[in-house]
Structure formats: C-alpha cells, structure tokens
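Number of protein chains: 2
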Amino acid sequence: MNKLLLITFFILSAAGINAQDIYETYRAEWLKKSYGYLPELHVSKRLPLQIVQIVTDPEAYQQVRAEKVAEPESWINTPISANKGQVVDFGEHLTGHVQFLIESNIPAHAPVQIKIKFAEVPAEMDADFNNYEGSLSKAWLQEEIVTLHTLPDTVILPNRYAFRYIQFEVLASAGDMDFFVSNIECRAVSSAGEDKMSSYDSTGDRFRQITKVSLNTLRECMQTVFEDGPKRDRRIWIGDLKLQALANYYSFQNNDLVKRGLYLYAATAAENGLVYGTLFEEPSPHPQKHFPIDYCLLYNTVLTDYYEATKDKEVLEDLWVVAKYQVLNVLPQISEAGIFNPAPGWWNFIDWNDQLDKQVAVHGTVIYALEKTWELATLLNRQNELPGLPGVIASMKKAANEKYFNNDKKLFASGALGQISTASQVWMILSGAVSPKDGRNLFGRLKSERNVVQPVSPYLYHYVAEAMITCGMYKEAKELIGGYWGGMVDKGADTFWEVYDPGNDFLSPYGSFMMNSYCHAWSCTPVYFLRKYRNELFAEGD
Amino acid sequence: MNKLLLITFFILSAAGINAQDIYETYRAEWLKKSYGYLPELHVSKRLPLQIVQIVTDPEAYQQVRAEKVAEPESWINTPISANKGQVVDFGEHLTGHVQFLIESNIPAHAPVQIKIKFAEVPAEMDADFNNYEGSLSKAWLQEEIVTLHTLPDTVILPNRYAFRYIQFEVLASAGDMDFFVSNIECRAVSSAGEDKMSSYDSTGDRFRQITKVSLNTLRECMQTVFEDGPKRDRRIWIGDLKLQALANYYSFQNNDLVKRGLYLYAATAAENGLVYGTLFEEPSPHPQKHFPIDYCLLYNTVLTDYYEATKDKEVLEDLWVVAKYQVLNVLPQISEAGIFNPAPGWWNFIDWNDQLDKQVAVHGTVIYALEKTWELATLLNRQNELPGLPGVIASMKKAANEKYFNNDKKLFASGALGQISTASQVWMILSGAVSPKDGRNLFGRLKSERNVVQPVSPYLYHYVAEAMITCGMYKEAKELIGGYWGGMVDKGADTFWEVYDPGNDFLSPYGSFMMNSYCHAWSCTPVYFLRKYRNELFAEGD
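Protein chains in written order, with my numbering: chain U, 313 to 854; chain F, 313 to 854.
FYI, nobody ran anything at the bench for these hints, they're computed from the structure.
One should not assume that every hint holds.
Restricting the straight-line Cα-Cα distance to at most 30 Å, the calculated cross-link-like pairs of lysine-lysine (DSS-like) are [to be verified]:
{"id": "1", "chain 1": "F", "residue 1": "K710", "chain 2": "F", "residue 2": "K721"}
{"id": "2", "chain 1": "F", "residue 1": "K749", "chain 2": "U", "residue 2": "K601"}
{"id": "3", "chain 1": "U", "residue 1": "K844", "chain 2": "U", "residue 2": "K508"}
{"id": "4", "chain 1": "F", "residue 1": "K625", "chain 2": "F", "residue 2": "K844"}
{"id": "5", "chain 1": "F", "residue 1": "K508", "chain 2": "F", "residue 2": "K844"}
{"id": "6", "chain 1": "U", "residue 1": "K722", "chain 2": "U", "residue 2": "K623"}
{"id": "7", "chain 1": "F", "residue 1": "K803", "chain 2": "F", "residue 2": "K684"}
{"id": "8", "chain 1": "U", "residue 1": "K427", "chain 2": "F", "residue 2": "K601"}
{"id": "9", "chain 1": "F", "residue 1": "K344", "chain 2": "F", "residue 2": "K380"}
{"id": "10", "chain 1": "F", "residue 1": "K844", "chain 2": "U", "residue 2": "K427"}
{"id": "11", "chain 1": "U", "residue 1": "K623", "chain 2": "U", "residue 2": "K524"}
{"id": "12", "chain 1": "F", "residue 1": "K709", "chain 2": "F", "residue 2": "K721"}
{"id": "13", "chain 1": "F", "residue 1": "K396", "chain 2": "U", "residue 2": "K601"}
{"id": "14", "chain 1": "F", "residue 1": "K749", "chain 2": "F", "residue 2": "K803"}
{"id": "15", "chain 1": "U", "residue 1": "K396", "chain 2": "F", "residue 2": "K601"}
{"id": "16", "chain 1": "U", "residue 1": "K803", "chain 2": "U", "residue 2": "K787"}
{"id": "17", "chain 1": "U", "residue 1": "K524", "chain 2": "U", "residue 2": "K508"}
{"id": "18", "chain 1": "U", "residue 1": "K396", "chain 2": "F", "residue 2": "K803"}
{"id": "19", "chain 1": "U", "residue 1": "K709", "chain 2": "U", "residue 2": "K344"}
{"id": "20", "chain 1": "F", "residue 1": "K396", "chain 2": "U", "residue 2": "K427"}
{"id": "21", "chain 1": "F", "residue 1": "K803", "chain 2": "F", "residue 2": "K787"}
To be clear about the criterion: a stretch of chain U counts as covered by chain F if any three or more of its residues have a C-beta under 8 Å from a C-beta of chain F, and this derived list gives those stretches [to be verified]:
{"id": "22", "stretch": "479-491"}
{"id": "23", "stretch": "804-811"}
All of these numbers come straight from a predicted model, not from anything done at the bench.
Ideal Cβ positions, reconstructed from N, Cα and C, are used throughout, including at glycine.
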C-alpha cells in the first residue's frame, strides 16, 4: 500500500474516525434528502393499437413476430374462445398498471378463472412460462391468475407490469359461458418528463430512430429511482445509474432523480463505507449486500459526471466522504507496484460474458475511477484527504503497461493465459494508461486479431463507444451505435435490450431468454452519444 | 284444464290483465323493498387454532383426516419450505375474507409467487385441484395465486372464501429466499346474528351437537341473502330458501332476510309470472333462467311458512299476485282427470339421484303447494281469484290414489316401470293424498321392500323427516335425524354437507367430491325439527 495513504489512514484512525462513525452522522440526513428528490410519477392512459397473433418467422428476431389480425375494438364482440391465440398489442413498450372490463355472454352463474400474461417481445409471449428453467425466480415472468365471481367486472390487476403485449386465457369456467374483454387500458407511469434536447438530434432517420428507442428505454426505466429494468430487477444499480444519468443529462434532465440515487446509496452504504451494488426502495431503502467493486468505484464517477452536467457542487460536498471511502476501501488492495489484487470474495461485473478474463478491465476501471475521484478532490479542494492518490494512479498506469501489455501482439492481455479481449483494451484506454493515439492502434489491432473475447452486453458496448470517442474515432463510434444499437432497432426493438448478441438472439445470462429484460437501463446511452457528440459524429452528415 | 280456472283466465284476459302487466307495475317496488331488507353483515375476526397435516386414515370420512402437528404461532419461525404439507386449521367452518403477513428470510431481491388454497374438509385439501375433471367450473375450487414484489407484505386476498383449512405453497421464488407466513386471520361474515331459541334445545349431548352443526351451517349460509352454499353456488335457490327460513324461525329469527328473498324472487320473475329457481344479487339482481317447477311452487309455501312463524300479513298481501301466477302457470299442465303432465322442457328437482323417477314425487309436490296456496287465498280472502283450486286439489289426490298406487305392493309407484322410491311415498304423505295412518303404513312397507330408490341429499331427507312427523312417527324422525345428520357429525362435519350418502363418501352430482359444498343450506334443518317438535321428539327423553 502506498506510504502516503498509510499515513492518511493513520491520521484518521488516530482521530478516532472511521467510516461507520462518519456515516452514522449523515445517514438520516442523506435518506431525508433522497426523499426530498422523490419524483412525481407522470401517469398517462394508453390504449391497445391492434390485435395481433404471434407467427413463426425464421427471419425475425427470436424467430417469431407479431402480425396484425384485427382492430382492438373487434374484441368487444369476439368472445375469448373465438380469439384464442390473439394478443393485444399496445404498439409500444409500457410500464404501468393495467385494467380491463370483462363481460360474459350470459349472466354469470359460475366463477371464471382468467390468466393474464404480459410480454415485452413476441417470443416471450409465444413461450410457455411453465417451461421456464432458468436461474432466477420464475415469478419475474409476468402473469396473473384472477378468479372472478361477478360479471361484468372491471379488473384492476395488482402489480405494475412492463410490456407491449397482453394475452387473456380462460383457465376455468362453466361450459356454457364465454367472455368478452374490452376497455383494456394501461396507466403508464414514468418520472422522465419531457425530452428537453430534441433539437440536438441528427437529421437522419436511422439515428433519429435509434435516439427515439434510446429515449423510450430511459423513460421506461425512470420511475421513483433509475431502475435497472421495469420488468425484472426493478431496482437501482450503480453501473446502470451512471449510464442513465449520462443519457438523462442529454434528454429529460431530471437531475433530482440522479441526486436521489446518489443519496440513497450513501444512506444505505456498508459499515466500511462501501456503497452496495444495488438497492431497493421498498418497504424501506435497503441494499442487496454485495459489492461489485467496479460498480462501487463508478459511484465516484457518477458524481463527477453530475458536476460536469450541472456545475452543482452541493451534492459533491455532501457526498465527498462517500467517494473518499470507496477509494480508502480499495487502496489496500493495490500493491506498492501498482497492481490491483482484489481481496478474495470481491467480484467485478464488467460484462455478462463468462469467457471474459476481467483482470485488465478491472485494473482499468480502478484507474479510471481513481482519476475521477482525484478530479473531485481537486474540485472540492480536498486533495489533502487523499494525498497519495496521484502516485497510486501513476503506479497503476505504469504497472498496466509493464505487466499487462503483450509486446508481441501489442495488445493488452488479461490473466494467466493472456486473454485478448475488447474489454481489456477499452478500459485501458478509458483509464488513460494509453494515449488516444495508442488507443486507436489497439482498436486497429483488435480487428486483425483472432479469438478476441467480445462484449455481449450493451453495457460494455457503451464503454467501447466511449473509448472510441476518447480516441477520436468518431466514425467507428458512429458505426458501432448504428450497427449494434441500430441492429436492435432493425430487429424491431421498441426499447433496447439487456442482452444483445447479433449472432445469438436467445443468449441469456439466466438460462432462458424469457427472463431477459427487453427494456434495460444500461442500453439507453445512444441518446447520450448522439447528442453530446453530435457535431463530431455527424461532421460528415448523416 | 279445470273449467272454473279457464273461466278465471277468461275474466283476467278480458280485463287485459296478464302477469307481465301486473308484475311491471310492482317490480320496482318489490326490488326497493328487497333492498330495504338488505341485512348488515356481522364481521368477526377469527384466528387459526392449530397447524395440522392431512394424513391417510381408511376409517376416516373420505379416508383422510387432519392431525395436529403444531401451534399456529410456530409458523412465525418456520419457513414455508420447512412446513411443507402443513395446513392452517381454524377449527371451524368460516365464510369470509382472509389476510396474512408474509416476510422473507433475507431482504427480497426477487418476487415470490404464492398459491393459497382453501378447503372445507380434509379430503378437499388433500386433493390436487389440477386433477379436477368434474362438470362444473373448476374456478369454484378455492385457490388464489399472488405475485408479491415487496416483503414484508400484508396480503388481503381478493375474494370471499368458505373454508376451515388454508395451505400456502411457494410456486416460484429465488433459490436463497424463504418465507414466513403469520398473522393469518379471517374476517368472518354472516348476517345471522344471535341464536334466540337455544332454550328449546334438548338436553342430550348428541342432539345438542347436531343442533350446533345445524346452526353453524345456517349461519354460514346467511349472508346478504340465504345462500345455497358459501363455497359454491353463492346464490339463493327457492328450495333452499324454504328450508333455511324454517330453520331461521327456530334460531336466528332474522325474518327480514326471508322477506328480502321473497321480494327478490318477485322482482326478477319471468314475464309469465313464474319465479325462477335461483337468482344472483350481483351486479344487480337477476335470475338464472330456468324453472324447476317444484321450486316455483314451493315459493308459495315459503309465504305460508312465513305467516305461520310471524303472523305478518303485509308480505302476503304484497306477494299474493306472485303466488297466484305460480298456480296459474301450472294449472294448464293439470288434466281434467287431475294428472300433472308437465310441458316438455319443464324439469323438477326433488333430489340429486339420477335413478329417481320423479313423476309421483312431483305430483305430490304440486298438490302440497296448491294446498298451501289455497290456505293463503283463504287467509287473504282471495279465494275468488282461484275459484277452482279446491276441485283441482281433490282431483289430483284422487288421481294419485287411482293411478299411482300399486295395489300389490301397497306403495306408490312412479313412472312407466312403477319405480318404488322413498321420495314418492314422502310426497304423497306431505300432499295429504293419504292419511297419516296410511302414511305410517307406507313407511312400514318401504322397510321390507327391496330395490327402493333412496334419497341421497339432505334436501330430500328433510321431507322424509317432515313426512314422518306428519304421520306422528316421532321416534322414526328422531332416529333419522340422529342417524343421518348425526352420521355426518360422527364423521367430523363442522357444517352439514350438500351430499351425504352413508355408503359412499365420494358421491358427487358434479363428477368430483372436490366440487361438493360441505356447508350447504338445505342440510341445515335439524335445528328446525329438534326445536319445533322438541316435546314430541323428546317425549321419552334424550
């Protein structure tokens, strides 16, 4: 551990100061502030656009697509038995509460049991949830079963749903009874508000479309916190918060929601001062107790991003102590030689790719976050609280180039087997361990290298695009956005997906594509790139 | 058709009077009155008494019984996974709304899907509802599936349930989550109020127990109308109303509920003036459109029973026109020779026994109802409105003895094959076609006769007991009550069952014992017999 930092620890300890004591002083205040920034949810009524059926199509995304069969009004006169296989299509991804009117052909003389199934994408609707065998709770798959004794009835379903499609199925009723579903409506909710920066859009249809899907994704994930995904993992994660905040600065500018997230993380941090990777709002704010160290450190960068967007120092002053303790917890894991050796049990996210060796990417993430933290310290005139930090950063950059650079391939290589991945190069570029010019060369060499481990999540692709821009590779960044996120649009995405591998529509980190979130926070950043770097990306037109 | 009655029709028609016109004049008024008699529901909080498991026992009713395994408080510390197979037992039959608290072992990071199953009897709890293949809507089988995202949560289930036992099962959750159910409570509802005639009970334990189960049955079925059964068929049926009203006069004396039923039937009667067999209160009072003719005619006898119990003439004056039109609709089906030939499509209930030939029993029911209607006319001085009625009654009695009496067997024989049944003898006795003395002989001969079609429902057994009492056979009536209803008590009944065949615990009119109602209105009459005829039944002690 760096000597100057050891001294810092010594000073703090001698003064009897530790994270727990400091945090306990502020937790209640932070929590109160987080409630002060609780946003209003805007509610808008949405009606179905059409009735569709899900048809097999080998060319379509996940090999099925929705095909229009009727106008929604037709259901008023079509009993459920006669519209079997038909599905209500709202024409867009919605997050909200659903109600419908149900009537019977004859006065009801027996109860009816109805299953209502929700899906974000056609393949999810086509799948039988009973066949789900993935790793996460099957209860995330959105369906309800209700038993109704009196008809007609307006049924208000009990949960919030994320969906474009709804299907109704009669599970049990009397033989002579049939049912008509109508007046289906969704009270869609979001705290996003208005897009305030549409004037920054490119004039080209393709990128305007990508921007629109990007905005829809972000809007759906903006609830009482920046959610991870409104269907599954309805909670805030730091890695996603960072990207959502970036997209938000270039769209809805609902900056209170960023502040709410930052204060919530501070209020629920661990005794050692580390913020947890994810937290829940209900029944009262509480974390899920694990630390993805890359996420913990990225918390600090959300602060610097926030300042860059708002020039508001108050939040930074409030939360500086939290930023500092992220660093103080990580520093003991960095050797004198600048090597990050995470303690056993610490894990890092980086990407959803089991094949990825994360050593180099994490090393880069740590440097990146420490750099941003030093920026923060400088801004707040608090450099004296982390006096050795620039030295640590310098040693880590040096170590990266000395230990992780494969001089034959002239690429960063990770782990004992020297794995070559996009993630490693990207995070070395973002860390500043290599110059933009060298970064361009890394990207160039990746192209001709075989067996490169590629990203599978839009999350890592975000950092690929960011790294390209860092290196001035606007053309490539634009191609990536147009190709990768645009690829989802080409395949019919209403909102950007949690997982997208152009070569495998069914890839899932959870053992089943049914469980994937098809509206996912970390995929929302094209609007950030396309607006922030509009001049550079579209210097040569659309 | 009887000549005098033809003249009556002629007079009415000449004056432009028909049922529809008359009814339309009064319907709104009748409906208003029915709402005036809408009772308050008494709500009482009930808590579980014990935790049980359902165990196989060849000696037990339906071959299973509930065996205590724990105190209900134990569940606060026992996760659902560890109490699998365990069932909450409230120790009594309840009708009401259910809520419970559910907590998790760790802060919930995924939703949980829970199935809550209700059962009136252990075998229903033991059965897998998915195996149900009966004729009625499977949705009557009481279970709910709820998906919960936030824990702890107090779950208030959406329907009203009729049950003694509740089971909780986790259908889906995350692998590291477990759940604790506690604070289970039922807000039990009934409009019954207090038993006002307990001083009329016999002093013997056995018959006091039968009376108690009888009262519980009636209490559970007394809601905003006299319901058929609180689990299934949550509606009023005339045949049950009659028996419930009788039991009510000797217990809760909630006579407004009888009036509410009578006015509801009048307000929802058909255009020809016939009351329908059953009606629903929600969403607005409406009948299920079929006429069990025995039930339609028994409507009139509910009026005379009501007068006998209350000496209140106002309701009779109001509803005389309805009583009259029941008769006017049936009379054209009676030949000059006094034979009842129901029009094609008319059906009669009498009993749930597919083997039963109903010809004679229905004939008897018609005479019985016409006799009671004539009593009513006499009471109201309205004999002139049905001038030929005594003649019709006389001709029907004569016809019964001439056409339906098998002189070899000296028993009434029904249908082309001359079927001998208890139902036929009973209704001949109740009709007055035979004297009490002859009635006693009929019962005596039934004993030695082979191949007698026996009752299967407590409904018909009620009329068996009534016929015995009509014949002064108090000892036999007491034996029947003690043996048949007491048999249910011996087998553990908390409330009397819809169907009880001492030789077949699984008999069901619906193809599955799961569908049977185990708390059924028409089974509640022991309290009526035991209190009304206490002196006669217990002349020789308990």
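These are the hints, each one checked on the structure:
1. K710(F) to K721(F): Roughly 19 Å separates the two Cα atoms, so the pair holds.
2. K749(F) to K601(U): violated (86 Å)
3. K844(U) to K508(U): At roughly 13 Å apart (the allowed maximum being 30 Å), K508(U) and K844(U) satisfy the hint.
4. K625(F) to K844(F): holds (22 Å)
5. K508(F) to K844(F): Given that 30 Å is the threshold and the Cα spacing comes to 13 Å, the pair holds.
6. K722(U) to K623(U): Answer violated: K722(U) to K623(U) is near 40 Å, above 30 Å.
7. K803(F) to K684(F): Given that 30 Å is the threshold and the Cα spacing comes to 37 Å, the pair is violated.
8. K427(U) to K601(F): holds (29 Å)
9. K344(F) to K380(F): At roughly 49 Å apart (the allowed maximum being 30 Å), K380(F) and K344(F) break the hint.
10. K844(F) to K427(U): Outside the cut-off at roughly 50 Å; violated.
11. K623(U) to K524(U): Holds, at roughly 27 Å.
12. K709(F) to K721(F): Since the Cα atoms of K709(F) and K721(F) sit roughly 19 Å apart, the hinted pair holds (cutoff 30 Å).
13. K396(F) to K601(U): It holds: about 29 Å lies between the C-alpha atoms, which stays within 30 Å.
14. K749(F) to K803(F): violated (35 Å)
15. K396(U) to K601(F): Holds, because 28 Å separates the two Cα atoms, which is no more than 30 Å.
16. K803(U) to K787(U): holds (23 Å)
17. K524(U) to K508(U): holds (13 Å)
18. K396(U) to K803(F): violated (46 Å)
19. K709(U) to K344(U): violated (40 Å)
20. K396(F) to K427(U): Since the Cα atoms of K396(F) and K427(U) sit roughly 26 Å apart, the hinted pair holds (cutoff 30 Å).
21. K803(F) to K787(F): holds (23 Å)
22. 479-491: holds (count 6)
23. 804-811: violated (count 0)
Consistency with the previously given hints fails for numbers 2, 6, 7, 9, 10, 14, 18, 19 and 23, ordered from lowest to highest.
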